[in-house]
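Residue numbers (our numbering), protein chains in the order written: chain A, 1 to 114; chain B, 1 to 111.
Derived Cβ-Cβ restraints for the label pairs, each shown as a range:
| no. | chain 1 | residue 1 | chain 2 | residue 2 | range |
| --- | --- | --- | --- | --- | --- |
| 1 | B | L75 | A | N79 | 43 to 49 Å |
| 2 | B | A82 | A | A80 | 39 to 45 Å |
| 3 | A | S7 | B | R80 | 28 to 34 Å |
| 4 | A | I12 | B | T20 | 37 to 43 Å |
| 5 | A | T5 | B | A82 | 20 to 26 Å |
| 6 | B | K26 | A | Q56 | 15 to 21 Å |
Some chain B residues near chain A, calculated using beta-carbon distances under 8 Å:
| no. | residue |
| --- | --- |
| 7 | N31 |
| 8 | G42 |
| 9 | L48 |
| 10 | F88 |
| 11 | A98 |
| 12 | S103 |
| 13 | G104 |
Which stretches of chain A does chain B cover? Using the computed rule of at least three CB atoms under 8 Å from a CB of chain B, they are:
| no. | stretch |
| --- | --- |
| 14 | 36-49 |
| 15 | 54-66 |
| 16 | 90-103 |
Derived from the structure by calculation, the hints contain no laboratory data.
Glycine included, C-beta positions come from ideal geometry on N, C-alpha and C.
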Amino acid sequence: DAGVTQSPTHLIKTRGQQVTLRCSPKSGHDTVSWYQQALGQGPQFIFQYYEEEERQRGNFPDRFSGHQFPNYSSELNVNALLLGDSALYLCASSLVGTPNTEAFFGQGTRLTVV
Amino acid sequence: SQQGEEDPQALSIQEGENATMNCSYKTSINNLQWYRQNSGRGLVHLILIRSNEREKHSGRLRVTLDTSKKSSSLLITASRAADTASYFCATADTGRRALTFGSGTRLQVQP
Chain A
1 DAGVTQSPTH LIKTRGQQVT LRCSPKSGHD TVSWYQQALG QGPQFIFQYY EEEERQRGNF
61 PDRFSGHQFP NYSSELNVNA LLLGDSALYL CASSLVGTPN TEAFFGQGTR LTVV
Chain B
1 SQQGEEDPQA LSIQEGENAT MNCSYKTSIN NLQWYRQNSG RGLVHLILIR SNEREKHSGR
61 LRVTLDTSKK SSSLLITASR AADTASYFCA TADTGRRALT FGSGTRLQVQ P
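Based on the sequences and whatever the hints tell you, model everything.
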């Protein structure tokens with residue numbers, strides 16, 4: 001049973017460019033959440049998708065957008081990249097209606113903006 | 001913004017010793033979870049404790065939760081060099097879907 005998979009593993013982009021990160025949830029999960037983790041910090045919630053809609057959003061600008069596909073996979077898009085967007089981006093999957101169960105995380109995408 | 005703080009920020013112990021990490025949070029929660037992270041990679045779930053539970057065990061892990069003090073502790077007994085990692089607490093707040101993480105404790109276990 002595959003867990004949460006993210007691609008790519010590493011990415012280097014130039015300031016001002018746009019980036020798309022991808023996530024496939026754990027089999028049987030229907031909800032995908034995205035987190036940003038700056039170096040030395042804990043992950044910060046970006047947003048969550050369920051039934052192809054954004055259900056909740058953290059304190060991130062509109063440059064951060066996402067999408068969920070019918071197969072529950074998800075993309076995170078970041079426009080007009082800033083140096084401060086350099087971070088590890090983590091995807092987590094879970095099953096809706098099960099608030100007291102764990103979320104499963106992928107290995108992350110390390111984004112470096114130069 | 002971070003939900004709360006882990007304490008200590010860093011901890012260095014010898015193999016075989018116990019490691020205790022503390023976590024504080026600010027809001028009402030459904031549950032509190034502890035995760036481990038090796039070298040800035042993905043998070044591995046360790047244990048979940050519900051808001052109506054006070055203590056939970058899993059192998060060498062013991063977690064306590066005090067909702068009146070809005071705090072939790074993670075105890076790792078008989079630590080091993082392989083336990084070297086960063087440990088994060090995360091809360092699932094009442095009425096919210098997101099996990100809110102603390103800033104983490106970096107644990108170093110010396111062989």
